[in-house]
Amino acid sequence: MDIEKIRKDFPILSRIVRDRPLVYLDNAATTQKPSAVIEAISGLYRNYNANVHRGVYLLAEEATQAYEDSREAVRRFINAGSTEEVVFTRNATEALNLVAYTWADANIRAGDEIIVTIMEHHSNYVPWFRLARRKGAVIKIVPSRKDGELDMDAFGSMLSDRTKLVGIAHMSNVFGTINPVREMVSLAHTRGAAVVVDGAQSAPHMKIDVRGMDCDFFALSGHKMLGPAGIGVLYAKSSYLKSMEPFMSGGEMILRVTLEDVVYNDLPWKFEAGTPNYEGAIGLKAAIEYLEALGMDTVEAYERELTEHALRSMKTVPDIFLYGPSDPAKKGGIIAFNIKGVHSHDIGTILDSEGIAIRAGHHCAQPLMIDCGVSAMARASFYFYNTEQEIDMLVKALKKAKEMFGHVA
Amino acid sequence: MDIEKIRKDFPILSRIVRDRPLVYLDNAATTQKPSAVIEAISGLYRNYNANVHRGVYLLAEEATQAYEDSREAVRRFINAGSTEEVVFTRNATEALNLVAYTWADANIRAGDEIIVTIMEHHSNYVPWFRLARRKGAVIKIVPSRKDGELDMDAFGSMLSDRTKLVGIAHMSNVFGTINPVREMVSLAHTRGAAVVVDGAQSAPHMKIDVRGMDCDFFALSGHKMLGPAGIGVLYAKSSYLKSMEPFMSGGEMILRVTLEDVVYNDLPWKFEAGTPNYEGAIGLKAAIEYLEALGMDTVEAYERELTEHALRSMKTVPDIFLYGPSDPAKKGGIIAFNIKGVHSHDIGTILDSEGIAIRAGHHCAQPLMIDCGVSAMARASFYFYNTEQEIDMLVKALKKAKEMFGHVA
Amino acid sequence: MSLEELFKEIIIEHYQHPKNHGHIEHPDARSEGSNPLCGDEIQMELLFEGDRIKDVMFTGNGCSISQSAASLMTEAIKGRTVAEARRLMEEYKNMLQGNDYDAGMLGDLEALSDVKKFPARVKCASLSMAVLDQALQQKK
Amino acid sequence: MSLEELFKEIIIEHYQHPKNHGHIEHPDARSEGSNPLCGDEIQMELLFEGDRIKDVMFTGNGCSISQSAASLMTEAIKGRTVAEARRLMEEYKNMLQGNDYDAGMLGDLEALSDVKKFPARVKCASLSMAVLDQALQQKK
Ligand SMILES: Cc1ncc(COP(=O)(O)O)c(C=O)c1O
Ligand SMILES: Cc1ncc(COP(=O)(O)O)c(C=O)c1O
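Residue numbers (this note's numbering), protein chains in the order written: chain F, 1 to 409; chain L, 410 to 818; chain U, 819 to 958; chain P, 959 to 1098.
Everything labelled a hint here was simulated from the structure, so no lab data went into it. Computed from a prediction, not measured in an experiment: that's the story for all the values here. Misleading hints may appear alongside valid ones.
[To be verified] Output of the computed footprint for chain L on chain F, the stretches with three or more beta carbons under 8 Å from beta carbons of chain L: (1) 5 to 18; (2) 47 to 53; (3) 145 to 155.
Quick reminder that beta carbons are idealized off the backbone N, C-alpha and C, glycines included.
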């Protein structure tokens, strides 16, 4: 991997922030875009923009083709069996809500149980929380162990014939933990429960194989994997999609409307009401092609090296506490931490003054914050365009932060 | 209005299609984008891309500011009272579904009545149809008169104390009819019914004043008004938004999540779950600024001239039938038609071979097709970058189509 | 890509004066289909005699391509055995997909060969094939 | 924009050794608030004597700006009349918004004047003002 060449593909990486070169370490929030993605978008609007699925003219054919080609690119990227199973949404959040409003709404009843992990992002927790309230169902939470991994024994003993749905973050956006989804899916399936995997953090960073995983639903967000904002994906087994009522209704998702009746469109369009974000899909395709050209194995291996380096060097900051697994083989490039005596929000500001972008706060994972006994954490998260030097700059700035707050105490 | 200068702002308008300059007359489906919009998008990704509302670093502040500035631009554009009342969605369709899943779901009961017009796009019909099915409510349809305008007498006599919701297309995407929404709103309000105005076709072409109109909900799509795909708006009176449950749930729309409870965020963010399409919003802001610089009055006046010219010259095509009002003061720049002996789909192909893009089909308005006794229509629709010469080319090509199919019969 | 390739005279002729248009009194099989986006609709009725398609009639409405294809298709299969009809449909599909095909077998249906140059119209040309396929499946 | 402007020594001092931190046994007013995105939390308790704020204490957790602001704010208002406290809050708001303000009135609170150069942090500095405002509204 030629990191210098790669960095040149990302125009924003040469931006100067606060008189310093930008060090962007908030990749779990969103990623930067290579020129190929930016140009795919402007290319659409300069050359062949038209509403998809509707026109009988050349522009519309070209735009429709590009939109559907993106669906095929997603199918390949996550190894789905068919493009029927690939529904475009705004983001992972909408993908998860789609499942809550359709399959789960129709299939979950009072007394049923929904199991989620303590590591869930609000987007894979609040929809189930609200559904459970509405239906009188019960939410159970798989705890994590001291080492930042899920307590699989607890999971095993929570599963029962009342379990209807299991929601799992494939990769935690706080701990970085890569959860054993394949094993959890097969355990859940023995109880007849459906499994929703939140792949928002995993899809950008590792090879995804939804068929190998055998999950029933899988959600991802394009903006976290080089793609534009406003495009996400719900993968669902076609057996599920077929049985489900549509989510939103309007143009595009129907075959026929009379005053007496409505006939829905085929998969996957039945779930895509209104003009889709075809621009987003076309940008996402360019993002996927960029990732495929690099190779997801390469991405994963490089990021593991970065993570090892980060875990090693961040430990040298006085009074730092690193959350999540300390074994880099068990996690992705996400490191949440706190420094005693320096609030994460202050760390964020101090780092920003050096051009270093990290995140501070609850990371939309308040149940996990509560579980860790804190209200906020700082978090650095990497992508393949980051370097060890950038991590060294981070560590140096963290030491400075500690000093600023240390010299008085 | 310097039309030559304006056309230069739209890179796609110099595209050659089928060896001819593109004549784009499918603006009711989606509009083309000026360089200012394309550059607003690439500028974001080149210079200040970051997830909004979350970061404590400069990029995130800039992106958040730009995103919220767009909300203010929308507020101004439609004359809403506050940015609290401006919710970003994917498109008009999602905006309408949001109302169906929240306010309408909570307030419409068995036996209640929903009134919509015969001119509705599927996006302002199917959501209410499904809701009515689910609830046992009744849908009533306001018919149109022979002249393509709504039958206001029928509307008046349909209204009753059972009416809970009235759905109105501000401008029909088939007839082009501009419906008397202000009058309809005030009639509906005397019965205590809420009014949803579908502004997908009106917002791009005329001055919108939601406060003057006094509607309770108003939906629009960015891509139909120079903005990118994937961004739309729901305006709703804050009194409604306050009383409504959220639609989707996840990150961004909550204030606090514990295992026992969830507290929702303030307006409007309560209705924006997950990472929003901030790129789309930033593109939409550039679109609105472009329109404001032209002036919506100028846009409307210019398009009225085009429509007059089109109505006059299209009539000279043998055996043509024009749907909708023949008075250009009563309609926007949308002309649906059929030519006896030449199916609209064939018209579409013949025009395409001359580089002219129009639409053929049911226009996602099958109830209106059935009402007109046809299964399809051809439709030409204009925007301010179109010219009378382009309309003349259209007319010439229509005559050619008629000839091709005429010479045998 | 010229319009004359798509709208050949024979196609317009069949569009304006379709063959086998109407109903069969007591059909052995009946099926229908539509292309919702363009509004094309085709209904077909078949009468069998042993293995043979003794008669076939269609009704429908839609564009010149969908309606002329129905007319030409019904002409091509009338009197053939079901197996022959299936082979013919296979060749027709090959033609629309741009593969090699047996022109001799298709006869007048070959008039539709240039539809493949108009991707948006391939669906129109395939509709009657899909409807016919459904009808043939009703034959035990 | 330099860090030293934001994290002045007096701010870090108040963050690490807050004044008026704790509880009042029988407070006349009590209120709380939070900035959910950063997790800052402030609770305040007040004791009145006539028109005067006889005592004020706070608890909370969060960043140096939110906590030192609470400490400085409680120091500034303790012993003042409600009307004076309100005027002070007004000046404080002016300062954070970048308007002119009465420095004499603010005293040590002026240490937070450079927060306005850090837009993401203005919310942190305003939290205790919002909480205090709520508490004062409880006074009849
Ligand atoms: C009147 C009307 N309403 C709603 C819509 C739906 O818009 P969108 O597909 O952008 O959601 C359209 C456009 O197709 C329309 O013309
Ligand atoms: C694990 C996880 N799930 C879901 C989400 C939600 O993604 P989005 O905001 O793109 O819908 C995120 C990102 O914030 C995440 O990290």
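Hint check:
no.: 1; hint: 5 to 18; result: holds (count 5)
no.: 2; hint: 47 to 53; result: holds (count 5)
no.: 3; hint: 145 to 155; result: violated (count 0)
Hint violations for this structure: number 3 only, all remaining hints satisfied.
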